[in-house]
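A.B. asks: Listed here are the chains, written in short residue letters.
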Amino acid sequence: MPEKPIPENDPIVSKSLAPHYVISMVILMATLFWALWDEDFGQRPWKAFQHEWKDRYSTFLKNARTQSRESQKEIEGSADYQKLKQDYEAASQNAAPRIKEINEKLHDLGAKILAVQNVFTDRRAYVNASTYDIETETSPSAKQRKQRNLDEYKKEPSTVEMPDGKKQTFKSFDELEETYNDLKNERTQLSAELGELIKPVNEKKELMDSYLTDHMVNLTPSQLTNLQNGVEALTPKIRQINVSEHNADIVREDSSNIVDRCESCHMGIREPVNLTATSMALKGKKPDEYARAFTSHPERDLLKIHDPDKFGCSPCHQGNGRATTSVEKAHGTYEHWLWPIFPRGNFEAGCQICHAADIVLVSNDVGWALSEGKDLFRQRGCMGCHRYEGYDKEPEDLLSIGQEIKLLEQQKKDNLKQATDFMQQADKAESNDEANRLNDRAVALKVTNSKLDLRIVQLDRTTKSLLQDLKKVGPNLKDVRLKLNRNWIPVWLKKPTDFRATTKMPNFRLNDEQIKAISAYIWQSGLKDSLPKHKPGNAAHGKELVESRGCLACHSLGEGGQLQGGTFAANLTRVGEKANYDYLVRWVHNARERTRPFCPYEKKDIGPEDYKKKGLPFVYDLDHSKCPNDGHELQVQNMTVMPSLRLSIPDAEDIASYLITLKKMEPSAYTDASFMDDPNLKDEGKKWIRNFGCAGCHEISGLEDEGRIGTELTAEGSKPVERLDFALLTEVAQRGGHEPITDAEDLARLPEGPAKEPWYDHKGFFEHKLAEPNIWDKGKIKPEIEKLRMPNLHLTKEQIRSLTTFLLGSQENPLPPNFQYRPLDYRRDIQEGWWVVKKYNCMGCHQLIPGQKTILMGMARYQEAQEQLPPKLLTEGARVDPEWMLRFLKNPALNDKDTNRNGVRSYLQVRMPTFSFSENELGKLVRFFQALSRQPFPYIPEEVPMLTAKETEMARSLFSSTAAPCLKCHATGDPAHDRVATAPNFLQARGRLKPDWMERWMIDPQAISPGTSMPSGLFRRENNHWVFSGPIPSSFQGYDKDHTRLLVDYILQLTAEEQRRVAAAMGRARAAADSPSFGGSNGTGKAGRAGIK
Amino acid sequence: MDWKQLWQILSAPDNIPIVAMIPLLAFYIFLAWRQAHANDVLIEQLAGDPALAKTHHRKAWPFKPGWQKEVHVWPFLLRVEFLAAIIVTIILMVWSITLNAPLEEPANPNLTMNPAKVPWYFLGLQEMLVYFDPWIAGVVMPTLIIIGLMVIPYIDTNPLGCGYYTWKQRKFAIGTFLFGFIILWVSMIFIGTFIRGPGWQWFWPGQTWDHNRLIYEVNRDLPDIFGITSNWAKGVFGAIVVGGYFTLGGLAVNAFFRRHNAKDFKRMSLLQYSIMMTFFLTMVALPIKMGLRLLFHIKYVWITPWFNV
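Sequence order for the protein chains is Y and H.
If you read the first sequence in my numbering, its first letter stands for residue 1, the second for the next number, and so on.
If you read the second sequence in my numbering, its first letter stands for residue 1, the second for the next number, and so on.
The hints are all genuine.
Covered by chain H, per the in silico footprint, the following chain Y stretches (three or more residues, Cβ under 8 Å):
id : stretch
1  : 6–13
2  : 22–28
3  : 726–732
Dumping the calculated DSS-like pairs for lysine-lysine here, alpha-carbon to alpha-carbon at most 30 Å:
id : chain 1 : residue 1 : chain 2 : residue 2
4  : Y       : Lys329    : H       : Lys4
5  : H       : Lys117    : Y       : Lys329
6  : Y       : Lys15     : H       : Lys69
If we take Cβ atoms under 10 Å as the criterion, some of the chain Y residues that face chain H in the derived model are:
id : residue
7  : Leu17
8  : Trp34
9  : Arg723
Rather than coming from a laboratory, the hints here were simulated on the basis of the structure.
The structure displayed is predicted, hence computed values, not measured ones.
Ideal placement from N, C-alpha and C gives every residue a C-beta, glycine not left out.
My request is simple: use the sequences and hints to build the entire structure.
C.D. replies: Shown next, in the form of structure tokens:
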């Protein structure tokens, strides 16, 4: 440029670029080193974890070893151990001299063999090579010559320098070979002898060691040392689980997704010691990132069932099992990984992925969030609106069976027509053969038809079962006119929780017009039949019945802190404000009794007029369930799970009289709602009922076939997050920092509190939706009919967490099919049975899992009277005959006429109700209990041997022994005695109990039913037999069999007469002894109150 | 202003090349322009002094005794190139250490991402799809671009301005390049990266990319505005308009060439001239079409059953 001075020298030629090069090269080298560092450490943060692990775990083991040494010393000091030690020492001393001798000999021999071997192998190699040469030589003369050479070679003598320095000369190769073999044989013999000598010593040593391991709470010092050696030898490397390598069932391409390197950082997961974050923290510091990563798996039992080598980690926890570059990547908590690790509060979601078919995950599952979520989904009626595979299957099954029946009927018709055709052709046939052939085909078709008939009959039975199994979460709204105070309905619809805080009915956010219209439709579509009138009963007695018969296992009384009873069914505190007395009586007496049966075929409620037309009486129950118009199965029961307690009508009246007194205000005080009779509102009402899907939970006239209005949730957890409509809150959720829920009550429902972090994920969606279901309408301008319909289920934080867990795990399974838990053996019966057990709230009264608390157990009434609790069913399948159980479940009174009683335990006030199980559910329940106790199915009863007169006499003396007077607690059928009896009558044992179980029960009832009042320790073990612990009657002299077995056989052969005789004899004996009153305390004290349950 | 959104777009690993490209382009254009200007001054000086021109120098400096007239490639060129190679290597290494390949989740055929964008170097083509039908934008135009680039040496009859930067000697060629590359191609990539959000809607920089955004925008075809309904008439009308554009445009360019670029015009044969004219008018058609579409909501001008323009 002209302004710039022109340089003297040409800059292109003269200018040096050296500084530029130096700087660039330095930067380039720095970059290179950076790249190398990044390759080795930057991209491999797990190495840092492994170095840290080495230090910390090693320190931990050192500390553990010190402690372990102390406890080892303690155990070593025990007499048992000392004895074992002495044994060991004695044995080793005995064997020591000979062992020493043999060892010396072996040592010498070894040296000799080595010396001979050196020469021998050299010569043998030459011999072998020459032999081969001769074998392959073709010219006979050369062969002979070579053979001669070899023979000469063999004859040459050889000298061996023996270990003692002497030189030994062997005359020929053969002699050398022989010596060598002899020496080797000798060594083998000596080794065998040594093994024999050492074996008993080693066995003793093993006994000693295993005693130590068995009695140490933690690992022994030597085990810890082994672990430490392992840790110290550790070199950083990826620890990887290739699922297909360890699980032959999985085809490679199936498992291509499962390569888990999680243990590259989580090194402590499978260590045999218990590592916590605190124990892995640096001394005096809080647990850091490393300490938290190094803990051992908190649920070791789960790991035992799900061996990580076979299952990997990510199938349960999700996350990116392959990633190792950062914590975030490995846990999959970044935008592009579709299966992020399940959050801390919802980790159980992983179980649902494979255990979708279970409602109770594992048989000892108590208090799992996931199970709670699964229960809630059913109990709160979620499946009324949302389809979910496995839930509420009956309507779908009914539909498909109906179609199958139609198909079969059509097939029958076609067959019949074709058969007629064949017959006609046969008539015109040219030859006899032809006619016979056609006739045969016609006959075959008719036989086929009869088979089809049988199939249809089968399907009809299934239909009946299904109709019986079909339940709705809410009550039947066809009965509103009979049941309810009309003026109460609009108040209830406004906000159900205002009337009853714990109700299942959610809040629908209805406006006044909607309430008016909906209540008008429900009222006007209700049945207008009338109910039989009942006289008022005794409310005080009713109260007693409610509290004692077990109503509170499902229902609750009292509000807020006063609440007593179960939450499975409605809270009855204000039932008097809404219900009609006559309806309550009928409901309490038998809740399943319907006002009119419903014909699913005609879609109408069948009334007396339909029956009259056919000249039939207006009778419908499970035995009269055919429609008079078309012969199809009718719905003859209310679709409620509420069972019949088999109460008498007067008892039902008493209870109803009590319930009607439960109110806070007078029913007459409700504002008049006569608008409900306005016919103009009806259509509007139907529109809204349909819109809100009321028919999902309630039976409503004219809407019996309404489909579900919600989205299917079976795979909701794997829906792409883009398909979850956050509406105007999308950006808010993505950025976080602002909580859109403003309502204080709803805000309190959020499990994690108001959102601070971004919550644009499934968890955030589910939690917000459940806390405030119309949240996504926020800011939207929509007509009423398009607004979000999901009602507010007024859930608690924990409930929302459970449901979220359940939904997060509801995924289209990304795992190979054999990961799914769909067993085909007894475990399937367990799986299916739990659905029934949970459906009817069996666990409100019965304990099925050790440690599970029933509702009744928690009630004050039973704290002092444990024996009045319903029996525990921990080993029910092993206890009773399945045939008997079937009979019992059908009719727990075990009596067709006198049903107002308990069939087995007449002494219990709480009543086993009649659930009207269908054949289908009966079968499932019986199989469930058998499977739970691992009983073979079908059950083949054991043959009970007939006792001889002598044996009977002996057994009787045991049975009536004063040390264990069986009949003192067990009922006998004598009303005076049974009033105070606390255990079942022995006469029921036959046909009911399994002999093996009875024997085990007598020996240790506490092990079977913890807390039972049946005394333990009645028998003791002597000479490999069970003998009576009390004074043994003299007749037992020389009897060498189990006393328990004898007693069991006796009880199984007991007759009423025999029992009376024994009881009478016992009564006399006692009267003669001391206490005149029957049932007072006796020698066995409190524990003497027996109870075979 | 939604700074967060803006930052997200600017910092996405995918967009780094484009963010870098904008200042780099500006810098290099400035550099080229500076050199060109210096050369142009020198050229003027030499043109006014034929004696000096005889010994005229390779550099933007006047003749200086002792300076070599020509220098060797080795080492004088290669040492600079090698330095550049080192620097580029450093940049690439740092880049690849610090930024991983922007991989995303496995493709889900049931769920299309929104906005779905091609790699940055294809964004111009994708943007073109807004203005033409896929046949034109996806097949015809790219082919024309490639052929157009290929014919440049054959239609370039200007012997001046080779091997050094100049503006005055190659006004038409450089102008066309700046227009075609910077204005058309780069700005379309810019639009595709920073302006097009969900639903391929137009978002100004700093406007939130809201997936729920609804806009009222009705596009019409040019024949519709004139009330033409029959398909035949539409075809004929479109052909007339497009033909008219090429005719009138051709005449205008012709007039321009005669007046302002007479030397080139004279050097070109009829074939060369008409090829140049066709490509030039096609190129200019693109911004015209963009303007019609963006400002007047005109979708197509020429509608036929086979293609739309």
